[in-house]
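Visitor: Letter by letter, the chains look like this.
2 protein chains.
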Amino acid sequence: MARWEPNARLRLVQAAIDLFGEQGYDNTTVSQLAERAGLTKTTFFRHFPDKREVLFAGQEEHARLLTAGVASAPATATPLEAVAAGLDALTSSFTPEQREFGPRLRSVVAGHAELRERSAFKELALAAALTDALHQRGVPDPIACLAADLGVRAFHTAFTEWIAPANDQPLPALAQHRLTELHRAATALS
Amino acid sequence: MARWEPNARLRLVQAAIDLFGEQGYDNTTVSQLAERAGLTKTTFFRHFPDKREVLFAGQEEHARLLTAGVASAPATATPLEAVAAGLDALTSSFTPEQREFGPRLRSVVAGHAELRERSAFKELALAAALTDALHQRGVPDPIACLAADLGVRAFHTAFTEWIAPANDQPLPALAQHRLTELHRAATALS
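So the sequences go chain by chain: A and B.
With our numbering, letter number 17 in the first sequence gets 17, and the count goes up by one each step, no holes.
With our numbering, letter number 3 in the second sequence gets 3, and the count goes up by one each step, no holes.
None of these hints come from the bench; they were simulated from the model.
Incorrect hints may appear among the rest.
Derived coverage of chain B by chain A (criterion: at least 3 residues anywhere in the stretch with Cβ under 8 Å from a Cβ of chain A; other residues may be distant) [said to hold, decoys possible]:
id, segment
1, 19-30
2, 50-58
3, 149-157
Within a straight-line C-alpha distance of at most 20 Å, the following computed EDC-like cross-link-like pairs (lysine to aspartate or glutamate) qualify [to be verified]:
id, chain 1, residue 1, chain 2, residue 2
4, B, Lys-122, A, Glu-123
5, B, Lys-51, A, Glu-114
6, A, Lys-51, B, Glu-5
7, A, Lys-122, B, Glu-100
Note that CB positions come from ideal geometry on N, CA and C, so glycine has one too.
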């Protein structure tokens with residue numbers, strides 16, 4: 001099975017979103033996913049441990065991008081400027097395909113308790129990765145936790161706006177706008 | 001099966017924490033949980049849909065307490081003062097039993113991916129309930145979301161401190177302290 005499978009991961013993600021939407025998450029098997037993607041089951045398992053994880057394909061890569069972005073911010077950056085750099089690195093990686101299947105992905109996840117829980121875990125995992133990256137820069141708690149929470153919330157809100165049909169703004173700009181708005185809200189709490 | 005079962009819920013929670021800790025979550029059945037608690041399987045299913053939910057017994061009650069606390073704050077309260085009232089209502093409900101089994105509960109949840117995901121979902125559900133309660137008071141987003149995030153984070157950190165062996169502070173005081181500290185951190189972001 002050493003043949004070249006261009007975009008196998010993306011094809012599996014698209015097949016999953018299609019099939020889960022058409023026939024339900026519970027009724028879809030790994031074999032069906034592989035077949036729809038034009039791949040073998042063996043190839044499937046080279047990329048994902050099970051059908052659920054296909055929907056959360058991005059978690060590790062997203063954490064890596066956020067962390068690398070935070071690390072790349074200048075030494076003089078404030079915690080929130082470092083988070084902004086992390087968000088930039090993450091949001092710049094999103095593709096038109098991800099925007100296209102975003103609403104269907106959201107609706108599959110929303111329709112199934114197990115997927116909603118997995119999704120909540122992804123959000124906490126991203127916040128933890130961002131917090132760690134801030135600790136690496138010497139930012140202490142609770143400022144690191146707080147700045148990370150703002151970053152994840154900004155990402156989440158911006159992603160929802162980005163996939164809306166009427167939107168014409170790029171994801172990075174939406175995320176920076178939301179982060180600025182949350183920063184202002186944090187100040188307004190006083 | 002209409003006999004009186006004093007503290008059936010609490011007995012099931014304690015049985016679950018004991019058995020999951022002794023023999024593992026996967027190896028424990030509902031029948032074993034019921035037996036350890038001195039109850040029948042029928043009684044178990046009157047209280048919980050499955051063995052997993054025993055560990056998250058408090059979610060709805062916690063959301064209800066938070067929400068009622070927020071609603072009870074004076075009309076002049078700031079969003080964060082309303083969150084503080086919610087935290088007071090929630091944290092005052094915790095018992096010495098919950099403190100006693102807290103560390104074992106945490107360790108069972110930490111040891112199992114499915115339970116970590118369910119726990120992350122509980123945290124997001126509490127934040128959503130708190131956000132809704134603030135919306136009811138006319139607090140707009142993103143201030144409502146932000147204040148709710150601070151509240152849930154303060155609760156989580158305070159709970160960790162409260163169950164530490166050396167702690168001698170009550171949970172409500174720890175939670176208010178953490179909320180104040182997060183509020184200061186929010187101001188310091190500017």
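Visitor: With reference to the structure, classify each hint as holding or not holding.
Guide: Results of checking the hints against the structure:
{"no.": "1", "hint": "19-30", "result": "violated (count 0)"}
{"no.": "2", "hint": "50-58", "result": "violated (count 0)"}
{"no.": "3", "hint": "149-157", "result": "holds (count 4)"}
{"no.": "4", "hint": "Lys-122/B with Glu-123/A", "result": "holds (12 Å)"}
{"no.": "5", "hint": "Lys-51/B with Glu-114/A", "result": "holds (15 Å)"}
{"no.": "6", "hint": "Lys-51/A with Glu-5/B", "result": "violated (42 Å)"}
{"no.": "7", "hint": "Lys-122/A with Glu-100/B", "result": "violated (30 Å)"}
The structure fails to meet hints 1, 2, 6, 7 from the earlier list, while all remaining hints are met.
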